[in-house]
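A.B. asks: Here's the letter readout for the chains.
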Amino acid sequence: MSLDQIVDGLSEVSCDVLVIGGGTAGPMAALKAKLKNPKANVVLLEKANVKRSGAISMGMDGLNNAVIPGYATPEQYTKEITIANDGIVDQKAVYKYAQNCFGIIEELDSFGIRFLKNENGDYAVKKVHHIGTYVLPMPNGETVKKALYRQLRRARILISNRYMATRLLKSADGRIAGAVSVNTRTAEMLVIKAKAVILCMGAAGRLGLPTSGYMFGTYENAANSGDGYAMAYHAGAALANLECFQINPLIKDYNGPACAYVAGPFGAYTANNEGSRFIECDYWSGQMMLEFYNELLSGKGPVFLQLKHLHPDTISEIESTLHKVERPTRGLFQQGRGVDYRSESIEMHISEIGFCSGHSASGVFVDDNARTTVPGLYAAGDMASVPHNYMLGAFTNGAVAGIDAMEFADSHDFAKFDAADVAMERDRVMAPTKREDGIPPNQIEYKTRRLVNDYLQPPKVTRKYELGMRRLAEAREDMQERMIARNAHELLRALEVQSIMDCADMAAHASLYREESRWGLYHWRTDFPEKDNENWFCHTLLSKQNGKMTSEKRAVEPYVVPIADDEKDLYDKQRIRATA
Amino acid sequence: MPLASYQTSVPVVVDDAKCIADKGCTVCVDVCPLDVLRISDMTNKAYMAYDECWYCMPCEADCPTGAVTVNIPYLLR
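Protein sequence lines correspond, in order, to chains A and B.
In terms of full-length UniProt numbering, the first sequence has 545 at position 545, counting the first letter as 1, and numbering is strictly consecutive.
In terms of full-length UniProt numbering, the second sequence has 27 at position 27, counting the first letter as 1, and numbering is strictly consecutive.
Chain A on its own, in the form it takes in the complex (with noise of 0.2 Å):
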């Protein structure tokens, strides 16, 4: 058989909770909904393989976001999110999440994985953000998938890997009624009937193209092109503020991170090419980026992380993390540079764009269970728009997701779909291998992700983003009328290029809707360059409706942890200020 030749089929199976994604929230909302009901059946659906999957495919340095007793309290750590996210909070899944993740940090080392103590037993939180004390090593880090997978066969969760989720199915009465999803070595089409959905596909990181021209040298995992954004919004899910992309400090080239979580608290900084600092604090905030961006241009890069005034030994020990967890690549990488920490800086630069609320705050719209605007349809990690809620925030909401997603499950009977649904994202989907003639998905990726680079990256200007959605437009036509895929895998590719597609118009559609700036970085906007808060005090809202991309506004709930006016601009003081 010649390499992943297509096969034509279409099967159908059920189960009570369908979790779509194996990564980091998608591993623990399949065991505690499994836990839930132990009689009922929890498939995992995977489209690569759930032990490697995801952004911590190999492991993780330490948890960013702990709220650990003595050390922080559920109050400062929701204040302190409000705060960096520009106020553009609700608070109730912020301090829900502050008030549940010491409980799953405490599951997650009962699973084997160990989190640094210090010599009186305590756990060794360390200071990165602004104000409070959330950051955790992890020694063994990079046993956190084989960790999690051990649980789930131990469970008993049904793993189908290598299917890619496609499009949702729901009930004329608009309650979710499943998933149509393909195999991705095969192209055999696969319809999963579920009483409960739950995506956690992670972020849209395949949306800008990174400055190497490398398609798959992204930030996030590569194989995170948004798909969980783009079904979502083709099931008529709200997804939030996703005007507020990602974009991250990053290793010049490698783009990965260079890590100052990891290195900071050591006593390395961000320094410009005199070796000074210019801003306050390393926490990911879109005011620090912007910080960044403004250094970049001003004539003072580089910027660099700089780490070379420590200690040999404290060097070797920040060393023996960087090159073994999360992006263990790093080593070879400054290798093959010549570039030792001991004698020279981390040249850094900026990110490509992205969807993610696991550094930002664009995501499928949930309330405080993980539930979006679609009954039975939940969300939870990267993709769910709690804000920076990091690796711990994906492991602690994936679980509130999918504790409640079985309590749906286990009141509801099968919604039912209508056949015609099947048939026509079948056809959707086959189209690219029913033409013999055409464009490859690669040559629309670039093109797609190069027009997002040139029209969608801040600065934002409104007429950039009309002629780019002009671009993009005829990009979709030939997306949709010229495409071709020759196999199996190439089909896989052509599936992604359509969720890339649609994350790059929502990400117009959405900062073109924001008529202010806000965020730094993350959403600049030259022809509005001021913060307005009497008129973008607010959520927005990206949905579908009658077929056509709407936004609307949505109020922030009230607060439960109260901010007072002096503190409301924390973060925007990012840049040091010069001394007398």
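Computed footprint of chain A on chain B, listed as stretches where at least three residues anywhere in the stretch have a Cβ under 8 Å from a Cβ of chain A: (1) 30 to 39; (2) 43 to 54; (3) 57 to 66; (4) 69 to 77.
Listed next, with one range per pair, are the computed distances between beta-carbon atoms: (5) A419(A) / L75(B): 43 to 49 Å; (6) K18(B) / R277(A): 45 to 51 Å; (7) T69(B) / G9(A): 34 to 40 Å; (8) T526(A) / G24(B): 56 to 62 Å; (9) M424(A) / P2(B): 30 to 36 Å; (10) L158(A) / L3(B): 38 to 44 Å; (11) P459(A) / P2(B): 38 to 44 Å; (12) D418(A) / L3(B): 35 to 41 Å; (13) D62(B) / D8(A): 28 to 34 Å; (14) K464(A) / T26(B): 45 to 51 Å; (15) P2(B) / K464(A): 33 to 39 Å.
These are computed hints drawn from the structure, not numbers from a lab.
Keep in mind it's a predicted model, so treat the numbers as computed, not measured.
Don't be surprised by glycine CBs; every beta carbon is placed ideally from N, CA and C.
Fit chain B to the given chain A structure using the hints.
C.D. replies: For chain B alone, kept in the frame of chain A given last:
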């Protein structure tokens, strides 16, 4: 429109002498998040079929015989 093939030097290299794919091993192919590795019909050894690499390392870390090496893709080296 006719299509041309586009040459790239791929980042993942497999040592055929160490690779045991011919004995039925598919570990590297199984774990790759981007699904870019395959077993060759000709040599029965693993190889990188698609240059779509996140240089993330599961293939190298999980290979039971140490046959797989992940290099940094040339464009960002």
